[in-house]
Structures are given as C-alpha cells and as structure tokens.
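Participant: Residue strings, one per chain:
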Amino acid sequence: DGGITQSPKYLFRKEGQNVTLSCEQNLNHDAMYWYRQDPGQGLRLIYYSQIVNDFQKGDIAEGYSVSREKKESFPLTVTSAQKNPTAFYLCASSIDWAISNQPQHFGDGTRLSIL
Amino acid sequence: AQSVAQPEDQVNVAEGNPLTVKCTYSVSGNPYLFWYVQYPNRGLQFLLKYITGDNLVKGSYGFEAEFNKSQTSFHLKKPSALVSDSALYFCAVRDGGNTGKLIFGQGTTLQVKP
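Same order as they appear, the protein sequences are chains S and H. The first sequence begins at 1 in my numbering and counts up by one. The second sequence begins at 1001 in my numbering and counts up by one.
Treat each hint with caution, since some may be false.
[Claimed, not checked] Label-pair restraints from in silico Cβ distances:
#1 H:Y1061 x S:I95: 16 to 24 Å
#2 H:S1003 x S:D96: 18 to 26 Å
#3 H:G1096 x S:A81: 27 to 35 Å
#4 S:D38 x H:S1080: 29 to 37 Å
#5 S:D54 x H:S1080: 40 to 48 Å
The set of hints was computed from the structure by calculation and includes no laboratory data. Backbone N, C-alpha and C fix where the C-beta goes; we use that ideal spot for every residue, glycine too.
Same shape as in the complex, but just chain S (with noise of 0.2 Å):
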C-alpha cells in the first residue's frame, strides 16, 4: 500500500539535543510538508518543499531544518535552538503542490516531548 510513514511514533528530547524525525512517502509526490500540531492551535507549516533539493520556510521555521536529498524522503531536525519542542509532528505530502484540487496526504505523525 501507499502511503507516508513517519518515525518513531514517539521520541525524547534532552536538553542542549538536536533529534531527526524521519518522514518517507512511496506515493511518488513531489511535494512536502511538516507541520506542527499543538492543543487547540489546528496545524502549523515547518517547512515545505515542491521538489527534490529544493525546500522553503513554512510560518514557524526557528528551531528547525531539513533536508530533501531524495523524493521520497522528508526529515525534519529539531535543534536545540528549538525551546518549545514539545508537539506532535505530522508530515504531508501531495501530488503536486500547484495542483489546487488534490489533498494531502498525512503521516501517523510523531510524538516529541523533552526529557
């Protein structure tokens, strides 16, 4: 099946620690997204990329970097830069990002919280 699995599922940070949270999608999109979840606040956009080797900052990008060196791979850092890591971590992908009419697809998301 098809899909975008993210991992792990729930991950632990130390303080002065940068963590990787690993986003890998096998739908053949080329577009996509990290957000971050937190109580009562809907999603936030980390960072977005259209296409591979290409990538740009979402409305809350301080704290966090990522790579896109492959298609279908995705990850996302959290720095130590980043204070207020605690939240759940979702990453999207979809068709094409100037397709208007196609969704996003998530992943099961990841779980971080600090240690």
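Got chain S sorted already, so can you dock chain H onto it with the hints?
Facilitator: Coordinates of chain H only, in the frame set by chain S:
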C-alpha cells in the same frame, strides 16, 4: 491573507441525530476547501473537498459539506451520527500563493453520545 475559522471547540450530538461542524473562510480569489478528520494519536484523514461546481459535496464515511459563497462557509454535515464519528475535525483552505500549503482552522472536537 487566507484564513479559516471553526467557531466551536466542541460539538456534542446524540447517536442517530444529524450533525453539523461549522467552518468559515476568508480568501482572495476562488476558494479550495478541504475537511479532514483526526483520531487520537493518528494523522489527518481526508474527508472531502470543494473546488468548483455543486455546492453540496459528498465525501467519505457518509459525510457531506455545503459550500455557501455568500456566507463564506463550508459546513460539514452528516444525516445520522455514529459513535465512531467521534474525533477531531479540521477545515482547511489552500493558500493562494505559490506554496501549495494548507491553512487550517483550530479544529472542532465532535463527541457523539450513544
């Protein structure tokens, strides 16, 4: 700027009764609207979309949504609620710029009581 509002944090209905989850939007240009559902500790599942055409859009699991341009609303409906419909529902609008990103409402928790 594009925005989405879901005015109710929680909606409570009895099983078998009709349900409505409200959404209003603000966009420049044509709106591309989506509804998603999220179960605990899971990702978002796509329910339905409005792009153009009929104002009543049918989607997955018996859900439908009514697009009203004059009221800038896109309310989610279901004629007969199930306990299993209890979840968090998000309305989203596609950003009008060159990003492809979605702008989400804050979400509405639907609680269906037996």
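Participant: Please go over all the hints and tell whether each is borne out by the structure.
Facilitator: So, going through the hints one by one against the coordinates:
Look at Y1061 (chain H) against I95 (chain S): about 23 Å separates their beta carbons, and that is inside 16 to 24 Å. In this structure the supplied range 18 to 26 Å holds for S1003 (chain H) paired with D96 (chain S), their Cβ-Cβ distance being about 24 Å. The hint said 27 to 35 Å for the Cβ distance between G1096 (chain H) and A81 (chain S), and at roughly 31 Å that hint holds. As the Cβ distance of D38 (chain S) to S1080 (chain H) is approximately 33 Å, the hint placing it in 29 to 37 Å holds.
Taking 40 to 48 Å as the suggested C-beta distance range, the pair D54 (chain S) and S1080 (chain H) conforms, at roughly 46 Å.
Of the numbered hints given earlier, the model fails none.
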